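**Q** In order, the protein sequences belong to chains A, B and C. Residues 370 to 821, numbered by my numbering, are exactly what the first sequence covers, in order. Residues 595 to 932, numbered by my numbering, are exactly what the second sequence covers, in order. Residues 932 to 1285, numbered by my numbering, are exactly what the third sequence covers, in order.
These are calculated hints, taken from the structure and not from any lab test. Predicted model, so just to flag it, every value in this text is computed and none were measured. For every residue, glycine included, the Cβ atom is placed at its ideal position computed from N, Cα and C. One or more hints might be untrue.
[What the hints assert, rightly or not] Cut-off 25 angstroms, straight-line C-alpha distance, at most; resulting in silico cross-link-like pairs (SDA-like, lysine to any residue):
1. C:1128 to C:1158
2. C:1128 to C:1272
3. B:752 to A:599
4. A:494 to C:1158
5. A:801 to C:1108
6. A:489 to C:1232
7. A:467 to C:1230
8. A:548 to B:895
9. A:802 to C:974
10. A:548 to C:1230
11. C:1060 to C:1134
12. A:489 to C:978
13. B:657 to B:920
14. B:927 to C:1143
15. C:1083 to A:536
16. A:548 to B:920
17. B:895 to C:1084
18. A:736 to A:712
19. A:489 to C:1134
20. C:1060 to B:905
21. C:1277 to C:1258
22. A:467 to C:1084
23. A:467 to C:1226
24. C:1083 to A:682
25. A:650 to A:665
26. A:801 to C:1036
27. C:1083 to B:888
28. B:745 to A:682
29. A:494 to C:1106
30. A:536 to A:785
[As the list claims (entries may be wrong)] Here are the computed distance ranges between Cβ atoms for each label pair:
31. A:787 to B:686: 53 to 59 angstroms
32. B:748 to C:1126: 56 to 62 angstroms
33. C:1051 to B:792: 47 to 53 angstroms
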Amino acid sequence: MKRKTLRTLAAAAGVVAALAGAGSALAQAKEQFVPVLVYRTGPYAPNGTPWANGFVDYLKLVNARDGGIGGVKIIWEECETGYATDRGVECYERLKGKGPTGAAAFNPLSTGITFALTDKALVDKIPIVTMGYGRSESADGEAFPYNFPLLGSYWVAADILVQHLGKVNGGLDKLRGKKVALVYHDSPFGREPIPLLQERGKMHGFELTTLPVTHPGVEQKAAWLQIRQSRPDYVLLWGWGVMNAAAIREAVATGFPRDRMYGVWWAGAEPDVTPVGADAKGYHALALQHGAGISKVHQDILKQVHDKGQGTGPKDEVGQVLYTRGMMNAMLVVEGIKRAQDRYGKKPLKGEEVRWGLENLTLTQDKLDALGFAGVMRPVTTVCRDHQGSQWGRVHTWDGAKWNFSSDWYEADMSILRPMIRKTADAYLAEKKLTRRDCAADVAAQGAAAKK
Amino acid sequence: MNAKKLKKNWPVYVLGALLAAGLIAPLATGASAPGFFIEVAIGGLMSGVLYSLVALGFVLIFKASGVFNFAQGAMVLFAALALARMSEVMPLWLAFGLAILIMIVFAWVVERLVLRHLVNQEGVVLLMATLGVTYFLDGFGQTVWGSDVYKIELGLPKEPMILLQDVFDGGVLVGKEDLFAAVIAALLVLCLAVFFQKTPTGRALRAVADDHQAAQSIGIPLNRIWVIVWSVAGVVALVAGMIWGAKLGVQFSLQLVALKALPVVILGGLTSVPGAILGGLIIGVGEKFAEVFLAPVLTSKFDLAGGGIEYWFAYVLALLFLLVRPEGLFGEKHIDRV
Amino acid sequence: MLYRENGQFKTSYAADQQLLPIVQDRFFVWGLVLLAFVAVPLFASDYWFRALIVPFLILSIAAIGLNILVGYCGQISLGHAGFMAVGAYAAYNLVVRVPEVNFLLALVVAGAAAALVGVFFGIPSLRIKGLYLSVATLAAQFFLDWVFIRVKWFTNYSPSGSVSTSPVELFGWVIDAPRDKYWFVLAIVVVMTVAAKNLTRGAIGRSWMAIRDMDVAAEVIGIRPMHAKLTAFAVSAFFAGVAGALWGFVHLGAWEPLAFNVNLSFNLLFMIIIGGMGSILGSFFGAAFIVVLPLLLNQIPEWFGIPLSTAAISHLEFMIFGALIVLFLIAEPHGLARLWAIGKEKLRLWPFPH
Chain A
370 MKRKTLRTLA AAAGVVAALA GAGSALAQAK EQFVPVLVYR TGPYAPNGTP
420 WANGFVDYLK LVNARDGGIG GVKIIWEECE TGYATDRGVE CYERLKGKGP
470 TGAAAFNPLS TGITFALTDK ALVDKIPIVT MGYGRSESAD GEAFPYNFPL
520 LGSYWVAADI LVQHLGKVNG GLDKLRGKKV ALVYHDSPFG REPIPLLQER
570 GKMHGFELTT LPVTHPGVEQ KAAWLQIRQS RPDYVLLWGW GVMNAAAIRE
620 AVATGFPRDR MYGVWWAGAE PDVTPVGADA KGYHALALQH GAGISKVHQD
670 ILKQVHDKGQ GTGPKDEVGQ VLYTRGMMNA MLVVEGIKRA QDRYGKKPLK
720 GEEVRWGLEN LTLTQDKLDA LGFAGVMRPV TTVCRDHQGS QWGRVHTWDG
770 AKWNFSSDWY EADMSILRPM IRKTADAYLA EKKLTRRDCA ADVAAQGAAA
820 KK
Chain B
595 MNAKKLKKNW PVYVLGALLA AGLIAPLATG ASAPGFFIEV AIGGLMSGVL
645 YSLVALGFVL IFKASGVFNF AQGAMVLFAA LALARMSEVM PLWLAFGLAI
695 LIMIVFAWVV ERLVLRHLVN QEGVVLLMAT LGVTYFLDGF GQTVWGSDVY
745 KIELGLPKEP MILLQDVFDG GVLVGKEDLF AAVIAALLVL CLAVFFQKTP
795 TGRALRAVAD DHQAAQSIGI PLNRIWVIVW SVAGVVALVA GMIWGAKLGV
845 QFSLQLVALK ALPVVILGGL TSVPGAILGG LIIGVGEKFA EVFLAPVLTS
895 KFDLAGGGIE YWFAYVLALL FLLVRPEGLF GEKHIDRV
Chain C
932 MLYRENGQFK TSYAADQQLL PIVQDRFFVW GLVLLAFVAV PLFASDYWFR
982 ALIVPFLILS IAAIGLNILV GYCGQISLGH AGFMAVGAYA AYNLVVRVPE
1032 VNFLLALVVA GAAAALVGVF FGIPSLRIKG LYLSVATLAA QFFLDWVFIR
1082 VKWFTNYSPS GSVSTSPVEL FGWVIDAPRD KYWFVLAIVV VMTVAAKNLT
1132 RGAIGRSWMA IRDMDVAAEV IGIRPMHAKL TAFAVSAFFA GVAGALWGFV
1182 HLGAWEPLAF NVNLSFNLLF MIIIGGMGSI LGSFFGAAFI VVLPLLLNQI
1232 PEWFGIPLST AAISHLEFMI FGALIVLFLI AEPHGLARLW AIGKEKLRLW
1282 PFPH
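In isolation and in its complexed conformation, chain A is listed as follows:
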């Protein structure tokens, strides 16, 4: 090779190396990386998209309004999972090490992906936040140190529904002899409530029929013909994505009254009812504490993010049910990081450190109001033993144009749930040959370490 070419090549290599060096130096800046697993394509996109928009908008708001968390700016990257477990795992592997200190926390938005990631997160020491979904037994923080089903999971949802049905009938004892049909998505998500519903069925004497609907859930005629035959008093809908609208449509086509249908909080949003139109009027669904509507935090987002042209989705999506849910999810992650910064300092934190923050959340009503969530949420307090933090919910009803709350606050009956959670968690630990954490010892050790 000629001398001149050799020299030019060496110079070019030097420049590239310098740039790479500079790039990596930039990467050491004060930034906290938050991965965002979304699905904006596929059969679950109509519900996944507003959730993702809410999540990212809140992160943008924190950067714009507060200048980041404790001065540390948030950076994020979206990864498309399409609700598929293997793509979710691939996104996890790709994003877990990004950013100066790795990923802060993962929000898979899929119970299936949660199952796949639980073991990996334990090894990689990155928390998984599954607000309103995931494994019900992961509320047991002693068995699942890195899972956080904040605000409750499907057993909480099913419990609240049963309580509401009892109230509507004038007492839980009046449920004796009634028939309840569960139309569920044939996946880990759909199957989760069955143990609790069977338990409650035994307690109060109502008959439970379970009707699975195969993914993606567009064809439901057979299930609804069976419902017409067995004439249940209530139909509980545990669906996601297009399955929900299809279910309501089939209910119309087979003449089942919509006001006897109750959906879980993932089956109670605008994309589920607007395609059906006026026929969906009267359909009830669970509200994961929040409903639809604009509160102070939405106004902040509109002002600081959308008005500046930074909005992730369309403006009229702000305030919708799933948008708010994504937003709340992001808020809980941010608050977890903030709490962790109280202990570890105002710098980019590792997943392990964020975990401590998520485990020690004390979001009082005053704090929530200050953040702009007045009237949207109730206080959340997590401890080592309880990664759920809160188990409240309400019921809202679609009136043809919007969602209106149609019940008071319910709290899930933890006296029934706690033994079930403990039993299932113990089974998990036995299967994985893991030992139960000793919370008392842990907390004491952390206290000692903090004092040093």
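Dock chains B and C against chain A, hints included.
**A** Same frame as chain A, now just chains B and C:
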């Protein structure tokens, strides 16, 4: 029936006996609730009509060009999306017309870019090519039209009709939308029959379906015929998409109903239009019966975690039929030359 | 000039019948194997192993299996992911119920179970031919999907339907790190590839190819079609079963029935079509193509700095994937293996033009 024939065909007879036994189960419960039995049968027939609509597209293309068009489902979705989105800004009949134009353009593009270059390849390669077209159409459709759930407003009443309430307890449920779909499908088949029998283009299509080389030798331009066939299949896909979309909402997962139409095509015979229709009815009824009557029996007997038989029952049913008639109900027997 | 058989005389039948008769081939293949075992672990990162190399190796085993059925024996199968599921669940059930069992034995059991199921669903091939057979295999796929969700015994009565496994342990070696997984899977791939190559070179392989080319003529000269077709299904399903067990235990770690759905079957079929039907090497090429392509497509907008939303990237992926499939089929319907064979032919003449 001599012993030799019995010995040769024993698997067929065993399976036939199993099938007959399987039908007795619904009749047994149906006898106690005949109204419900009829209801499920009608529901099954209606579903079957919808499957036949999609299967028609498969059959048309296979008959004329020997290509098993896996992209039919994606075409149904694409056409339905076009119709749904355009009808948001213009009256339905105009959107329908424009959608037909779009499907014709699509047919032309597919012929030009894909089919023309794969003329003499074997069946599997063509199948894979159409799978590739499916993926492309998926991504393209969602990019252009979006991934939300969209409505097609046909202005039909959605409440069901309950007939014969005095004869059967609870009456027999017949969906108005389904009835409308059946009528549309019948009209479509009629139009296609007229098209194929009476018009010169139709006759040319039948000639090409019969024998490519002979048709070419009398001067029928194969490439143009293929564009026409794919366009007709596209229009059929549009009608199917319109009806499915009005019933279920238009979204990405609509194309998965094409996987349900496959056993219909196979059962009826890959080259037969009446086979597609009859096959659709058989599969529709069989599926619903299996789900509503057979599944609870299996669930309780074997302690299964729920039913959901529908998905594979259609395929197993088609498979059993094939064992008796390997070319489908009305398919043409292919002759093996050594 | 370099790649010539000049001067390489064989003096025994064994030498003549060996797998790699040309010395240069032998050097090349041994070099490749050495590179794979020694050099790759030195340079590849953990992410590459987990996301690219291990899935590629496992899927090539499944692709070899499918190639044996479709490429060598001519029976179309659209349900191979179902056989992979059988292997995965068989291995899982054995390991869960008999924890001390050697994992290699579990793999063999997985393959055997899948082979049995494969033979059962291959019986229709005795009567049904061509595209119509695809419905039999699709029936297998959907039925097996259903069975593993519904029959609770298979998932060990797990309420959610998901199963999860602990890391594989073999003679005290815990296979948990990506590098270890890579070596383990690579060893199995080497063994199974040699087995497949020898099978297809032998009498059985020739009977498969005879059935594929002219099944009536094959029957006339005495090849039993039932024997040939069912052995093809059995061997093919065996490979798929082993691949499925590895996929579940080594790659995924925890899975649900949807992990082996019909899309995986289609992907396997794509692999062998693009790689080349009727060619063991083609299975590897095809598997590499299908595994690498989505990851590449995902990263390209980033490299070029074009800001696209994740939805747009996803859709673009689909579009480019479909377009590439069609382009490939138009350009080289016999697949990458044919391109490789053409390359080797040219290499024999090099540097001469003809």
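**Q** Between the alpha carbons of residue 1083 of chain C and residue 888 of chain B, is the straight-line distance 25 angstroms or under?
**A** Holds, at roughly 19 angstroms.
**Q** Can you confirm whether the C-alpha distance between residue 801 of chain A and residue 1036 of chain C stays at or below 25 angstroms?
**A** holds, 22 angstroms
**Q** Does residue 1128 of chain C pair with residue 1272 of chain C here, judged by a C-alpha cut-off of 25 angstroms?
**A** holds, 16 angstroms
**Q** Starting from residue 489 of chain A, check that the Cα of residue 1232 of chain C is at most 25 angstroms away, please.
**A** violated, 28 angstroms
**Q** Within 25 angstroms, alpha carbon to alpha carbon, are residue 467 of chain A and residue 1084 of chain C?
**A** violated, 41 angstroms
**Q** Holds or violated: residue 548 of chain A with residue 920 of chain B, Cα cutoff 25 angstroms?
**A** violated, 46 angstroms
**Q** Below or equal to 25 angstroms on CA atoms is what counts here, so check residue 745 of chain B against residue 682 of chain A.
**A** Distance of about 21 angstroms is within 25 angstroms: holds.
**Q** When you check the alpha-carbon spacing of residue 489 of chain A and residue 978 of chain C, does it fall within 25 angstroms?
**A** Distance of about 14 angstroms is within 25 angstroms: holds.
**Q** Sort out whether residue 920 of chain B lies within 25 angstroms of residue 657 of chain B, counting only the CA atoms.
**A** holds, 18 angstroms
**Q** Against the 25 angstroms threshold, does the CA-CA distance of residue 536 of chain A and residue 785 of chain A hold or violate the hint?
**A** With Cα atoms ~18 angstroms apart, residue 536 of chain A and residue 785 of chain A stay inside 25 angstroms; holds.
**Q** For residue 752 of chain B and residue 599 of chain A, compute the direct alpha-carbon distance and say whether it is at most 25 angstroms.
**A** Judged against 25 angstroms, a Cα distance of about 22 angstroms means the pair holds.
**Q** With a cut-off of 25 angstroms on the C-alpha distance, tell me whether residue 801 of chain A and residue 1108 of chain C pass.
**A** Between residue 801 of chain A and residue 1108 of chain C the Cα gap is close to 18 angstroms, so the pair holds against 25 angstroms.
Checked against the numbered hints above, the structure breaks hints 4, 6, 9, 10, 15, 16, 19, 22, 24, 25 and satisfies the rest.
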